[in-house]
Amino acid sequence: MPAARCRGPTPWALAIGLLLGGFVVSSLAAGAVLPQRRPHGVRVTVEPQALRLMDGDTAEIRWSAADVETVRFLGIDAPELYRGGRSAPPGPKNLDPRGAEARGFARGAFDVTRAVALLRCDRLDRYRRTLGYFFLDGRNFSALAVRAGYAHETISRYGDNGLPREAAEVLAAARERRRHSPRTTRSRPIAARKASRM
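Anchor point for the sequence shown: position 176 equals 176 in full-length UniProt numbering, and the numbering is continuous, going up by one each time.
The set of hints was computed from the structure by calculation and includes no laboratory data.
C-beta atoms are modelled at their ideal positions from N, C-alpha and C, and glycine is treated no differently.
It is possible that part of the hints are untrue.
[To be verified] Straight-line Cα separation of at most 25 Å, SDA-like style, residue types lysine to any residue; simulated pairs:
{"#": "1", "residue 1": "Lys93", "residue 2": "Glu80"}
{"#": "2", "residue 1": "Lys93", "residue 2": "Thr58"}
{"#": "3", "residue 1": "Lys93", "residue 2": "Arg52"}
{"#": "4", "residue 1": "Lys93", "residue 2": "Gly104"}
{"#": "5", "residue 1": "Lys93", "residue 2": "Gly108"}
{"#": "6", "residue 1": "Lys93", "residue 2": "Arg107"}
{"#": "7", "residue 1": "Lys93", "residue 2": "Met54"}
{"#": "8", "residue 1": "Lys93", "residue 2": "Tyr82"}
{"#": "9", "residue 1": "Lys93", "residue 2": "Asp77"}
{"#": "10", "residue 1": "Lys93", "residue 2": "Arg103"}
{"#": "11", "residue 1": "Lys93", "residue 2": "Arg83"}
{"#": "12", "residue 1": "Lys93", "residue 2": "Leu53"}
{"#": "13", "residue 1": "Lys93", "residue 2": "Asp55"}
[As the list claims (entries may be wrong)] The following label-pair restraints were derived from C-beta to C-beta distances:
{"#": "14", "residue 1": "Arg43", "residue 2": "Tyr127", "range": "31 to 37 Å"}
{"#": "15", "residue 1": "Gly84", "residue 2": "Arg157", "range": "20 to 26 Å"}
{"#": "16", "residue 1": "Arg107", "residue 2": "Tyr127", "range": "19 to 25 Å"}
{"#": "17", "residue 1": "Pro39", "residue 2": "Ala168", "range": "21 to 27 Å"}
{"#": "18", "residue 1": "Ala32", "residue 2": "Asp137", "range": "23 to 29 Å"}
{"#": "19", "residue 1": "Asp125", "residue 2": "Ala66", "range": "21 to 27 Å"}
{"#": "20", "residue 1": "Thr70", "residue 2": "Gly108", "range": "17 to 23 Å"}
{"#": "21", "residue 1": "Ala65", "residue 2": "Ala100", "range": "25 to 31 Å"}
Sequences are here, hints too, so could you generate the full structure?
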């Protein structure tokens, strides 16, 4: 009896595989909703020493050696720490001073805080980061950063993410900022404008 020849996948199997693979890739690229598996909709206490601020709008929380959560602050966008964003190699040559100022503001605010809490929304972003608001001694950090000029609000573009009260605080801070500084641009925080006048 002759040995059975191994044949590759049939054209139908290839077509179905490509179709399913394309569906998965397109749904991820289109921003498919990734559900939050951690407690959400309630404030969770975070030990300040467990926090590491990546830049002005992103932090890592080390819950344990094996459990690190990356959190993208809701309601704001701060300047990137490095020119070129995620693709830029880190180093002093690529450091964006506006991004460094935004991170410095965040570090200063978190350093003087006694109680830190995180309020997560019910989904992750496309990079699988938690989306949430940090509260420093009960105050919404996103609103503080907008009011101080180190970030601009993103609620007008992305909505309230199911947390309308916190989003309203950020929008109110943005209105207050515009009212008191009508020439403020999103790309130049307070410290940068003061330095340029000297």
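Cross-check of the supplied hints:
1. Lys93 with Glu80: Given that 25 Å is the threshold and the Cα spacing comes to 14 Å, the pair holds.
2. Lys93 with Thr58: Within the cut-off at roughly 22 Å; holds.
3. Lys93 with Arg52: OK: lysine 93 and arginine 52 at ~23 Å, within 25 Å.
4. Lys93 with Gly104: holds, 18 Å
5. Lys93 with Gly108: Status holds; Cα separation ~24 Å.
6. Lys93 with Arg107: Holds: lysine 93 and arginine 107 sit about 22 Å apart, inside 25 Å.
7. Lys93 with Met54: Cα-Cα ~18 Å, so holds.
8. Lys93 with Tyr82: With a Cα-Cα distance of about 9 Å, the restraint between lysine 93 and tyrosine 82 holds, given a limit of 25 Å.
9. Lys93 with Asp77: Distance ~23 Å between lysine 93 and aspartate 77 Cα, so the pair holds.
10. Lys93 with Arg103: It holds: about 17 Å lies between the C-alpha atoms, which stays within 25 Å.
11. Lys93 with Arg83: holds, 9 Å
12. Lys93 with Leu53: holds, 21 Å
13. Lys93 with Asp55: With a Cα-Cα distance of about 17 Å, the restraint between lysine 93 and aspartate 55 holds, given a limit of 25 Å.
14. Arg43 with Tyr127: 31 to 37 Å: violated, 23 Å
15. Gly84 with Arg157: 20 to 26 Å: holds, 22 Å
16. Arg107 with Tyr127: 19 to 25 Å: This hint holds: roughly 22 Å between Cβ atoms.
17. Pro39 with Ala168: 21 to 27 Å: Because 23 Å falls inside the window, the suggested range holds.
18. Ala32 with Asp137: 23 to 29 Å: 36 Å Cβ-Cβ, so the 23 to 29 Å window is violated.
19. Asp125 with Ala66: 21 to 27 Å: Between aspartate 125 and alanine 66, where Cβ atoms are some 22 Å apart, the hint holds.
20. Thr70 with Gly108: 17 to 23 Å: holds, 21 Å
21. Ala65 with Ala100: 25 to 31 Å: holds, 29 Å
The structure fails to meet hints 14, 18 from the earlier list, while all remaining hints are met.
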